[in-house]
Amino acid sequence: MLQALLTVRQARRPAILVTYLDSGQQVLIAPDSEAPAPGMSEAIRRAAQQLLREDRNELLETELGPVFVHVFNPPLTLIIVGAVHIAQCLVPMAQLAGYRVVVVDPRRRFATAQRFAEVEVLVEWPQSAFDKLVLDHRTAVITLTHDPKLDDAALHFALHSPVFYIGSLGSRRTHAARLKRLIGAGLREGDVARIHAPVGLPLGGRSPAEIAVAILAEVIQVRYAERRSMSG
Amino acid sequence: MTELLEIAASWRQRGDRVAIATVVATWGSSPNPAGSQLIVNERGDFMGSVSGGCVEGAVVQAATEVIDLGQPRLLRFAVSSDQAWAFGLACGGTVQIYLEPLA
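Heads up: the protein sequence lines correspond to chains A and B, in order. As numbered in my numbering, residues 1 to 232 make up the first sequence, in order. As numbered in my numbering, residues 1 to 103 make up the second sequence, in order.
Which residues of chain A face chain B? A few of them, derived with a C-beta cut under 8 Å, are:
| id | residue |
| --- | --- |
| 1 | Gln3 |
| 2 | Glu58 |
| 3 | Phe68 |
According to the in silico footprint, chain A covers these stretches of chain B (three or more CB under 8 Å from chain A):
| id | segment |
| --- | --- |
| 4 | 6-15 |
| 5 | 21-27 |
| 6 | 94-100 |
Just the calculated beta-carbon pair ranges, DEER-fashion:
| id | chain 1 | residue 1 | chain 2 | residue 2 | range |
| --- | --- | --- | --- | --- | --- |
| 7 | A | Ser171 | B | Ser10 | 44 to 52 Å |
| 8 | A | Gln25 | B | Gly15 | 22 to 30 Å |
| 9 | A | His160 | B | Met47 | 40 to 48 Å |
It should be emphasised that the hints constitute simulated quantities derived from the structure, not laboratory data. The beta-carbon is built from N, C-alpha and C at its ideal position, and this holds for glycine as well.
Turn these sequences into a full structure, and let the hints guide you.
Have a look at this one:
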């Protein structure tokens, strides 16, 4: 059972492990496969699908006794545009918090293997990199380059997607200029209001590592605020 | 970071006997939500957590039994404020933990 679960996890697909606590019997459901789960009641199956959407684990009381539904969603993804010093700090922090992290930067001087050893790096423009990435409701996008050519391109993609968090480094003045450009390029005010800027919770820190903490803290805050509103 | 279950698989592969503890329900202010896990081998080495560090000792102890008997067990730590002090559990919450041997 463990091997089957790990195989699904490594393929970054969702899985639900259903354990009948009285008998110790376990059933692994791969929700995106067609294979039926043998002998599972419709009520448990439905509850499991609902819990998967809510990313929540729960003990169900059933006629077969207590049943634990353990949801294994693929990790949340954090896409960092800009292989800068803050990104070097943010990568391991976000990985510790359970995120799959991808760094995007076409500038070869920045996106070197020496600076980013333990993370997926795409040395490409956002336009081509984002084509290869899935920007879904389990993804956060953060732009750190300070270069409008790169940041704006990434923000256009992010704003046309359902990602749960968009953050962009820059002072209030930088951000005001950025909003002007984005609206000039056809985006609506309601759309650009999704961008968190200045990025991160106001912790007052100044060093790259401290700013990385502030950014990750804000991503986590937004993620849980969203979940609370989802479960009512 | 290597996932806990991957570590469990690697322990099993090198010949350890392993149990997995999973928080299945909590009441009151228990720090670890349902789904939190701890893995432990027959020597009592453990990784992960099922509480803020308060009931881990008892879980690790119970795990050696579960490994020996080869049968899962459901544990419940209902901690009153007095007991909480004895366990070092600051929260006074209650936690139910499913402990299973890894085949």
